[in-house]
Amino acid sequence: MNNDVLGNIWLDLAVFVLMIFFLHFVFSKLMRRLLKVEKRKPFSYNYVNDQHKKGDKIIRTLVVIIAIIALGIHYNSDVTTGIPVALIIAILLQLIPELYRAYMEKKYQSHSNNYKYTLAETLFLALILIVSILLIYRLYRF
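When the count follows the working numbering, it moves up by one through the sequence shown with no breaks and lands on 188 for the last residue.
For the record, the hints were derived by calculation from the structure and aren't laboratory data. Values in this document were obtained by computation on a predicted structure and should not be read as measured data. Possibly wrong hints are sitting among the right ones.
[As the list claims (entries may be wrong)] Derived lysine-lysine pairs resembling DSSO-like cross-links, with alpha carbons at most 30 angstroms apart: (1) 152 to 103; (2) 103 to 162; (3) 85 to 99; (4) 153 to 99; (5) 152 to 99; (6) 82 to 99; (7) 75 to 162; (8) 99 to 162; (9) 85 to 75; (10) 152 to 82; (11) 153 to 87; (12) 153 to 100; (13) 82 to 162; (14) 103 to 85; (15) 75 to 152; (16) 87 to 152.
Input sequences plus hints: build the corresponding full structure.
Structural data, given as structure tokens:
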């Protein structure tokens, strides 16, 4: 690839990432207003209780181990075309802790709509990631 094409890829990627952040911001704001849910602190875990904290640590540890194994299997295989299996596995593994969070919110915060917000946000982000990956692979044919 020459520098001109590479420069276009980085510009496209920057615009694409900004669009994703904007879509997530708008979606979150609308869903919080619709479900009457308080805004979460960014980059915090917001555990429901100690059981949630312990379970989340176990799940995240297992996710990291499974992701490392999946990457090892993928990179040692002869698969060179299509969307990497490791990428799909990584997306699925990101869903597991969030689905656990929604379960804990439903179980221990029954008066709240937090679990609905968590499920909606998780589904939205998964959809955005899948569409993004498909678009990138289709446009640039990696």
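A quick look at each hint next to the structure:
1. A distance of roughly 19 angstroms separates the Cα atoms of residue 152 and residue 103; the hinted pair therefore holds under the 30 angstroms criterion.
2. With a C-alpha separation of about 22 angstroms, the suggested pair residue 103 and residue 162 falls inside the 30 angstroms cut-off, and the hint holds.
3. Between residue 85 and residue 99, the direct Cα distance comes to roughly 20 angstroms. Compliance with the 30 angstroms bound is thereby established for this hinted pair.
4. Between residue 153 and residue 99 the alpha-carbon distance is near 14 angstroms, which keeps this suggested pair within the 30 angstroms criterion.
5. Of the supplied pair hints, the one linking residue 152 and residue 99 holds, its CA atoms being roughly 15 angstroms apart against a limit of 30 angstroms.
6. Our distance criterion of 30 angstroms between C-alpha atoms is met by residue 82 and residue 99, whose separation comes to about 25 angstroms.
7. Among the hinted pairs, residue 75 with residue 162 is consistent with the structure: their alpha-carbon atoms are about 14 angstroms apart, no more than 30 angstroms.
8. A C-alpha spacing of about 20 angstroms is found between residue 99 and residue 162, which places the hinted pair at or below 30 angstroms, so the restraint holds.
9. Proposed proximity of residue 85 and residue 75 is supported: the alpha carbons are some 8 angstroms apart, at most 30 angstroms.
10. Using a Cα cut-off of 30 angstroms, the hinted pair residue 152 and residue 82 holds, with the two alpha carbons roughly 15 angstroms apart.
11. With a C-alpha separation of about 21 angstroms, the suggested pair residue 153 and residue 87 falls inside the 30 angstroms cut-off, and the hint holds.
12. Annotation: proposed proximity of residue 153 to residue 100 holds, straight-line Cα distance about 16 angstroms (limit 30 angstroms).
13. The straight-line distance between the Cα atoms of residue 82 and residue 162 is roughly 11 angstroms, inside the 30 angstroms bound, and the hint therefore holds.
14. Distance check on the hinted pair: residue 103 and residue 85 sit about 23 angstroms apart at the alpha-carbon level, within 30 angstroms; holds.
15. As the CA atoms of residue 75 and residue 152 are separated by approximately 21 angstroms, the hinted pair is consistent with the 30 angstroms bound.
16. For the given pair, residue 87 sits about 19 angstroms from residue 152 by alpha-carbon distance, which is consistent with the 30 angstroms threshold.
Going through the hint list in order, the structure satisfies each hint without exception.
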